[in-house]
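**Q** Sequences and hints are given; from them, build the entire structure.
There are 2 protein chains.
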Amino acid sequence: MSLTDLCKSACEAKYIVQNLSTDEKNRALLAVADALVDGKSKILSANEKDVANGHENGMHQGMIDRLTLDDKRIKAMAEGVREVAALPDPIGEVMDEFERPNGLKIRKVRVPLGVIGIIYESRPNVTADAFALTFKSGNAVILKGGSDAINSNIAITNIIRDALKSCGICETAVSLIEDTDRSVTKKFMTMNEYVDVLIPRGSAGLIRTVVENSTIPVIETGTGNCHIYVDKDADLDKAIPIIINAKTQRIGVCTAAESLIVHEDIRDTFLPLFSKAMKENKVEVRADEGSRSLIEGAVSATEEDFGKEYLDYIISVKTVKSVDEAIEHINRYNTHHSESIITGNEESAQRFLDRVDAACVYVNASTRFTDGFEFGFGAEIGISTQKLHARGPMGLKELTSYKYQIRGEGQIRG
Amino acid sequence: MSLTDLCKSACEAKYIVQNLSTDEKNRALLAVADALVDGKSKILSANEKDVANGHENGMHQGMIDRLTLDDKRIKAMAEGVREVAALPDPIGEVMDEFERPNGLKIRKVRVPLGVIGIIYESRPNVTADAFALTFKSGNAVILKGGSDAINSNIAITNIIRDALKSCGICETAVSLIEDTDRSVTKKFMTMNEYVDVLIPRGSAGLIRTVVENSTIPVIETGTGNCHIYVDKDADLDKAIPIIINAKTQRIGVCTAAESLIVHEDIRDTFLPLFSKAMKENKVEVRADEGSRSLIEGAVSATEEDFGKEYLDYIISVKTVKSVDEAIEHINRYNTHHSESIITGNEESAQRFLDRVDAACVYVNASTRFTDGFEFGFGAEIGISTQKLHARGPMGLKELTSYKYQIRGEGQIRG
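Listed in order, the protein sequences are those of chains A and B.
Each residue of the first sequence is one higher than the one before, starting from 837 at the first, in this note's numbering.
Each residue of the second sequence is one higher than the one before, starting from 837 at the first, in this note's numbering.
Honestly, I wouldn't trust all of these hints.
The list treats identical chains as one, so a pair stands whether inside a single copy or across any two.
Here are the simulated DMTMM-like cross-link-like pairs (lysine to aspartate or glutamate), alpha carbons at most 25 Å apart as the crow flies [as the list claims (entries may be wrong)]: (1) K1023 x E1048; (2) K1233 x E929; (3) K908 x D1207; (4) K1157 x E1183; (5) K844 x E1161; (6) K1074 x E1245; (7) K844 x E1145; (8) K944 x E933; (9) K1068 x E1164; (10) K944 x D932; (11) K1068 x E1182; (12) K944 x E1164.
Source of the hints: derived by calculation from the structure; they are not laboratory data.
Here the structure is a predicted model, which means the values were calculated and not measured.
**A** See the structure below:
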């Protein structure tokens, strides 16, 4: 099927999906979950091909790990779909309702976005996950996975489509672009006529490519150059565990801390504690002039370090004279993702909350909490780092739009 | 000043504007309104140059009219700014608040978008209007007006900037790109580092150019191929005035009706009435096979007619066998703006409201009501025809984003 025909069929499917009842959607999701478990031998044999190709192409072990599926991962995939079925349906919610002096009754009603395109990299579980979230929120979805996982993605998509068909729902509610040629992906990013929004999920490079080449509206997700600022009024016993957690609990994620900012008034007491904690956790420190001598083994931080999302056992350190200087430093170098202040001073806390330009701003907590599940949304399609449409963790509601439904009795405009 | 420096200065200004109190913003807006009236001789002499250039370049009379300012229009411009000052401030609103089982207290707070770029055509009053709306919603704004109105736009922007300065507010809260070269506009559309959103205001061609060339998120506004569907259960006494109003009250606007759809069961009684009304209002009718013989002087509608926003005294007519066929026809040809059904049948009304894919869907009312003022928003920056971020009339709230402010007591993620 040509790309245009595939987009057209998704566009037709959206009118069907958006009118499904909550029950119809949930029944279909449960059927998909069962089918994934039942079809695991098909998925595993397709995945074996991808893994073999990966080895052949010299893919490094971390990537192979992310690509590889097993019984447990397929079960988790199905479980994820079941969890989405259990979530409340956002569609149809009356978000606002008012009457105008001329008698027009206006309702603002939550509706699906329409057709959502997801462009992602090698983890094949995203295929089932992205389908479940977009389908439950009443959308049709077009998936463009990485070429590394193409066999796995085809197997998973076919199982989902068959399960939809068995429920009497058009299988084109989910489509996979099977052609892994880059020119096809590029063309996909200009299918404005059929696709309402593109959500890239993956590396900073992938996201930049989509932003630069797409004429379809994009929701940017996922790059996080997150800071922890230890204020002069910080409780140092809280600061150290928060930094260790934010830096080391999972180094490869966007919510990991990449930089420490420290108020100079507490540098002499705090930095030796920090130095010890980083040493124990095997974290390399790149420090500015004001902090380097207090941190064992620290190397000099360059300008480039402050703008870097390491995704590694590395952290930069910056010394400041005030909370305002910390805020200014963050707003200059951050990616508007997650930032935290450690302080006992209410005034500094509020100033930081108000003035730091980021999706999620924390007082006395780890940046690792920026997550749809941790926020209680029950799901997450990604974390938006832009300000348009949605910011921060995106759950089902963030995959919707609204329309105004207006009832009159013959009103005309004067 | 180079484009990059101009964008940088707006980006710095955003951190100041977003932290102004409501009082500070309102005082500045009132000072701007006074300054516009006080500076009217400067504005008028600049405008005279633009109008003279327009005549010289053979600009047609309708455009000259839109371009020309006079005492009354400048007063109206100032009044518009005062009205925005009187509107409630959207910034700081707590949109949601909840506590997680781990004790984290999460607040979703309304914040400005940041830096907004407005690209518009010849009407110079947009300069003051766009400044007032973006400033009141806490944003810095970069304006790129049409070259036809460049002298007027410079005069108006300078008056606004001087008034801001006199209130102790950085004048870079508003900037005008004075270089009218197309390459500069094109470069502006890729200034993602500094600009959070672009809003084009003007013709369908302008909007398409921005959508196709911008890497910055765009809010599409304003093309309206609007339909009126007269159902078999319509009250024909309501239908005729609604059609006349929607088609002829202002032919050049996006809320004007461009197409009539009629149920075949009432075609014989309704179309003669419609024919008479269109004749009286000098509206040309382009009709399909099922309706042409019943409409005096109607010519054949082509496929192209159904997709056309005439913005003229022309209307197309399509006959259908059911409300579903009407819905399907609309979803195929419309621009997702405003659509209306005339019916006394509740089931058909609800079906139309639910299934027509448009920002505003009406029952028994004119499509002309899609407007920020008519909706009670007190202002309007444009009407969004996309589904991302905002849909339909956009007031002050639609010029905002949100952030999550999270307070903890040392929480780390397990």
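**Q** With reference to the structure, classify each hint as holding or not holding.
**A** Against the structure, the hints come out as follows:
1. K1023 x E1048: both (13 Å within a copy, 13 Å between copies)
2. K1233 x E929: both (10 Å within a copy, 19 Å between copies)
3. K908 x D1207: Result: close within a single copy only, 23 Å intra versus 54 Å inter.
4. K1157 x E1183: Classified as within: same-chain Cα gap 16 Å, cross-chain 67 Å, threshold 25 Å.
5. K844 x E1161: This pair counts as between: shortest inter-copy Cα distance 19 Å, intra-copy 52 Å.
6. K1074 x E1245: Answer is between: at 8 Å across copies they meet the 25 Å cutoff, but 63 Å inside does not.
7. K844 x E1145: between (39 Å within a copy, 23 Å between copies)
8. K944 x E933: both (6 Å within a copy, 22 Å between copies)
9. K1068 x E1164: within (17 Å within a copy, 64 Å between copies)
10. K944 x D932: Close inside one copy (5 Å) and across copies (18 Å); limit 25 Å.
11. K1068 x E1182: Close inside one copy (12 Å), not across copies (65 Å); limit 25 Å.
12. K944 x E1164: between (39 Å within a copy, 22 Å between copies)
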